[in-house]
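Protein chains: 2
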Amino acid sequence: MKCLIIAAGKGSRLQPWGESKPLIPILGIPLIERVIRAAREAGADEFYVVTGYQGDRVRDFLERLAERLAVRVTFLVNDDWEKENGLSVLKARKVLHEAFLLLMADHLFEPPLARMLTTLSLADGEIALGVDGNTRNPLIDTEDVTRVKVKDGKISGIGKGLADFNGLDTGIFLCSPAIFAALEQSREKNGDATLSGAVRCLAAEGRAKAVMTRGFWVDVDDPAAFKRAEKALLDRLRDKPNDGPVSRYLNRPISVRFSHHLAKLDVTPNQISLFSFLCSLLAAGLFALGGYLALLLGGVLAQFASVIDGCDGEVARLKFQSSEFGGWFDAVLDRYADAFLLFGLTWHLLAIEASGWVLFTGFMAIIGSFMLSYTADKYDNLMRERIKAGGAAGLRMGRDMRVFLIFLGAVTNLILPVLVLIAVVMNLETLRRVLLARDA
Amino acid sequence: MKCLIIAAGKGSRLQPWGESKPLIPILGIPLIERVIRAAREAGADEFYVVTGYQGDRVRDFLERLAERLAVRVTFLVNDDWEKENGLSVLKARKVLHEAFLLLMADHLFEPPLARMLTTLSLADGEIALGVDGNTRNPLIDTEDVTRVKVKDGKISGIGKGLADFNGLDTGIFLCSPAIFAALEQSREKNGDATLSGAVRCLAAEGRAKAVMTRGFWVDVDDPAAFKRAEKALLDRLRDKPNDGPVSRYLNRPISVRFSHHLAKLDVTPNQISLFSFLCSLLAAGLFALGGYLALLLGGVLAQFASVIDGCDGEVARLKFQSSEFGGWFDAVLDRYADAFLLFGLTWHLLAIEASGWVLFTGFMAIIGSFMLSYTADKYDNLMRERIKAGGAAGLRMGRDMRVFLIFLGAVTNLILPVLVLIAVVMNLETLRRVLLARDA
Chain P
5 MKCLIIAAGK
15 GSRLQPWGES
25 KPLIPILGIP
35 LIERVIRAAR
45 EAGADEFYVV
55 TGYQGDRVRD
65 FLERLAERLA
75 VRVTFLVNDD
85 WEKENGLSVL
95 KARKVLHEAF
105 LLLMADHLFE
115 PPLARMLTTL
125 SLADGEIALG
135 VDGNTRNPLI
145 DTEDVTRVKV
155 KDGKISGIGK
165 GLADFNGLDT
175 GIFLCSPAIF
185 AALEQSREKN
195 GDATLSGAVR
205 CLAAEGRAKA
215 VMTRGFWVDV
225 DDPAAFKRAE
235 KALLDRLRDK
245 PNDGPVSRYL
255 NRPISVRFSH
265 HLAKLDVTPN
275 QISLFSFLCS
285 LLAAGLFALG
295 GYLALLLGGV
305 LAQFASVIDG
315 CDGEVARLKF
325 QSSEFGGWFD
335 AVLDRYADAF
345 LLFGLTWHLL
355 AIEASGWVLF
365 TGFMAIIGSF
375 MLSYTADKYD
385 NLMRERIKAG
395 GAAGLRMGRD
405 MRVFLIFLGA
415 VTNLILPVLV
425 LIAVVMNLET
435 LRRVLLARDA
Chain H
5 MKCLIIAAGK
15 GSRLQPWGES
25 KPLIPILGIP
35 LIERVIRAAR
45 EAGADEFYVV
55 TGYQGDRVRD
65 FLERLAERLA
75 VRVTFLVNDD
85 WEKENGLSVL
95 KARKVLHEAF
105 LLLMADHLFE
115 PPLARMLTTL
125 SLADGEIALG
135 VDGNTRNPLI
145 DTEDVTRVKV
155 KDGKISGIGK
165 GLADFNGLDT
175 GIFLCSPAIF
185 AALEQSREKN
195 GDATLSGAVR
205 CLAAEGRAKA
215 VMTRGFWVDV
225 DDPAAFKRAE
235 KALLDRLRDK
245 PNDGPVSRYL
255 NRPISVRFSH
265 HLAKLDVTPN
275 QISLFSFLCS
285 LLAAGLFALG
295 GYLALLLGGV
305 LAQFASVIDG
315 CDGEVARLKF
325 QSSEFGGWFD
335 AVLDRYADAF
345 LLFGLTWHLL
355 AIEASGWVLF
365 TGFMAIIGSF
375 MLSYTADKYD
385 NLMRERIKAG
395 GAAGLRMGRD
405 MRVFLIFLGA
415 VTNLILPVLV
425 LIAVVMNLET
435 LRRVLLARDA
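Chains P and H supply the protein sequences, listed in that same order.
Each residue of the first sequence is one higher than the last, beginning at 5 in this note's numbering.
Each residue of the second sequence is one higher than the last, beginning at 5 in this note's numbering.
In isolation and in its complexed conformation, chain P is listed as follows (with noise of 0.2 Å):
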């Protein structure tokens, strides 16, 4: 599906984060780039971008842009940029004689929000608009917002001081080329060259369809408009279903702030999780040094660690940077992880008392860490399984929590219960799900 996308204006309201808007970075990715791949992710695959105030940056940067995703971008000039936006839409006309998804280069949201419109068919001489039901929507100024009234499906008014209305527009669009004409119209007739007064003219004619949504929209037009939308992209972050409760509650809740700013730096997560490695790194070898100082040191840089650990994930997600490998480097570095700061803290305990017992509690804690994560896959489908048939899935003590009853066993200098509390429940642990796995 072709996908034309406006982004002519200057955005003088954001003037001070950046010269051209559609190239203003959220969370490390230009705006427009957002835009792009959102669209991409729900069926676009061919751009035409009307570009206007400093066009030819923003054409610089799409054309390496294009490159990286091996979409096709078409460039159309809109000099007349401060006028309305219709203008804009109309330098299209010549090139677009079927349906094609309308995007502002300005409003962010979700693919599959897009994908309710790609996925429409629509009559011709139709056009559809995502219209959010939620008209009190906390990421949108609902002074500013364009009002939409839906009746039975379709648009039956639209414009920013409507009072009785039911949506938002959220200036998503499936067209069909009967949007140049009424552009055309609505200039003619009523002086009026915006979108929203070539929607008018449709609407009136029972020929502009209502998508209903409830999914994540927002357009980024001011500063406080911009904060929100970064804030809902990092809220975003927290809802992992395989979070465990410290994660949950402590670390993810910190390390979405650090991704916050990790995700402006240039740097990549699978940095991010090698830092977090050697973090855990220095963190064992403070456990081995003895002393309770450098216990206590150990601990706090090994909960920072788990912490970190977090981070490469959400930066990943962020700036579209996940990848297998990336998922399996974190894994690996993880399974060393665990193991060395098991091994510290045994050094630590032998250094005191080289005592047969603490060396085989070690050995134990160690090998049922490994044994969890040995096992986690064969058992996850299983649960997943059982959780679809309606049972109910066991606790979990997952790396977030273990590495948290390290942190409090150094900080609390109680290495020894610990030991024996991670020794015990990992390798019962991994012996329930062994029958469980025989039984199912």
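Take the hints with a grain of salt, since some may be wrong.
Not the full set, but computed from the structure, chain P residues with beta-carbon under 7 Å of chain H [as the list claims (entries may be wrong)]: (1) ALA343; (2) PHE347; (3) ILE371.
Far from chain H by the CB rule (all over 10 Å, computed), these chain P residues [claimed, not checked]: (4) ALA74; (5) ARG97; (6) ARG119; (7) VAL149; (8) GLY195; (9) PHE329; (10) ARG339; (11) ALA444.
Quick list of the computed label-pair ranges, beta carbon to beta carbon [what the hints assert, rightly or not]: (12) P:LEU412 with H:TYR296: 41 to 47 Å; (13) P:ASP243 with H:TYR296: 56 to 62 Å; (14) P:GLU102 with H:SER326: 51 to 57 Å; (15) H:PHE364 with P:ALA380: 54 to 60 Å; (16) H:TYR296 with P:VAL304: 45 to 51 Å; (17) P:ASP49 with H:GLU71: 35 to 41 Å; (18) P:ASP270 with H:VAL428: 31 to 37 Å; (19) H:ASP64 with P:ASP243: 45 to 51 Å; (20) H:SER125 with P:GLU67: 53 to 59 Å; (21) H:PHE364 with P:GLY295: 18 to 24 Å.
By construction, these hints were calculated from the structure, which means they are not laboratory data.
Virtual Cβ for every residue (Gly too), placed ideally from N, Cα, C.
Given the structure of chain P, go ahead and fit chain H onto it with the hints provided.
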């Protein structure tokens, strides 16, 4: 597809082995069960079995088997089971009105051979016979076998005494109902009620196709053939492409001999896995006990456990008991066994001299062994792709080699060098895999 199996004969040449030939177990599984399982894998789903000698016993067994395998079996009785085999085929005349697979209860084969026939399209009035192109097949008694002459994909001659032949009758047919008329014709005209006689009649009219094969099949007719069949089934366990060199040249040849006997007992593959694990645990205990004698015994026991560790999979393959859980359970136990063996050796050394370096080496050997297994899946996938792409695969130091080194170290009382070697090789290999995966 429907499948007719002739299981009426007495098999007097195998009388010492059991009373009803189709029920004689070969490596723990009755002949007819092997035939039905192979036919099912080749696409047959509805079975017709002609019984004769001790028909009730055959029927009892098959009724239980049908339930276990969830297939339908219909029984046909041939009281003239002492006469020619064509009479058994004729018993199915009233129930089979379309193309069907025709098999002998004492002819074992691999599913692909039968699939060549089930996927064949047969013209009305035709039959097809699987013909072994290897006239010197060492599995077959070439004096007693029915010989076939094939010309242009059709059978031009068939019979035991045939002087000019280029193939052997595998006893695996795809028939149209024309086979029944041909049997009648052969009986009436030539007084010959054998299947070969019917094939001769069809061949004379160019209606007997030959499907050439070099796949595994064997006619279990007398004690010598029975021995050959057993050996062939066992030999097939040895060509596992994933086997390391120690497995291939030392462990597997021994474990196959064990499996030969284990298959005849009532032990499950998972019980064998557990037994092997307990042997490893005992070996680790002997290591930790101290002294050369215990070390030597432990080394021998560890290597013995490694050999037995091959039997679970072998027995599973021999007895159709492979399961996803079985493979996973074996892998989980192997990880524990590896860790305990290395921990036992470390303990042995620490008892002689409590050195931090020894402790660290033992730890690195344990974690390295673990990481090799943990990183395997992704690495294996990469390797498969590389090998497909024409690249070379690296050498791998698998579990077989690891345990063999432990055995050598214990026998020669050189444990520390073995631990160092395992620690270095395993962790370097893990690093190599990370780099390889990154660049892939």
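Each hint, compared with the structure:
Because the closest C-beta pair between ALA343 of chain P and chain H is about 5 Å apart, less than 7 Å, the hint holds. For PHE347 of chain P, the shortest C-beta to C-beta distance to chain H is roughly 5 Å, which falls under 7 Å, so the interface hint holds. Given hint, ILE371 of chain P at the interface with chain H, holds; its Cβ is 5 Å from that chain's nearest Cβ, closer than 7 Å. No beta-carbon of chain H is positioned within 10 Å of the beta-carbon of ALA74 of chain P; the least distance is around 19 Å.
Look at ARG97 of chain P: its CB is around 46 Å from the nearest CB on chain H, clear of 10 Å, so calling it non-interface holds up. Here ARG119 of chain P stays apart from chain H, with its beta-carbon at least about 30 Å from theirs, past the 10 Å limit. Every C-beta of chain H lies more than 10 Å from that of VAL149 of chain P, the closest at about 46 Å, which supports listing it as non-interface. Once the 10 Å rule is applied to beta carbons, GLY195 of chain P is consistent with being away from chain H; the minimum gap is 60 Å.
A cut-off of 10 Å between C-beta atoms contradicts the statement that PHE329 of chain P is not in contact with chain H; the least separation is 5 Å. Interface exclusion of ARG339 of chain P from chain H breaks down, the closest Cβ pair being 6 Å apart, not more than 10 Å. Not every CB of chain H is more than 10 Å from the CB of ALA444 of chain P (nearest about 7 Å), against its label as outside the interface. Between LEU412 of chain P and TYR296 of chain H the Cβ separation comes to about 44 Å, which falls inside the hinted range of 41 to 47 Å.
For the pair ASP243 of chain P and TYR296 of chain H, the supplied restraint of 56 to 62 Å holds, since their beta-carbon distance comes to about 60 Å. A C-beta distance of roughly 54 Å is found between GLU102 of chain P and SER326 of chain H, which places it inside the suggested range of 51 to 57 Å. Separation of PHE364 of chain H from ALA380 of chain P is about 28 Å and departs from the stated range, judged on CB atoms against 54 to 60 Å. Taking the beta carbon of each, TYR296 of chain H and VAL304 of chain P are about 47 Å apart, inside 45 to 51 Å as hinted.
ASP49 of chain P and GLU71 of chain H have their C-beta atoms about 54 Å apart, which leaves the hinted 35 to 41 Å range violated. The beta-carbon spacing between ASP270 of chain P and VAL428 of chain H, approximately 35 Å, falls within the hinted interval of 31 to 37 Å. The given range of 45 to 51 Å is broken by ASP64 of chain H and ASP243 of chain P, whose C-beta atoms sit roughly 59 Å from each other. In this structure the supplied range 53 to 59 Å holds for SER125 of chain H paired with GLU67 of chain P, their Cβ-Cβ distance being about 56 Å.
Take PHE364 of chain H and GLY295 of chain P: their Cβ atoms lie about 20 Å apart, and the range 18 to 24 Å holds.
The earlier numbered hints that this structure contradicts are 9, 10, 11, 15, 17, 19.
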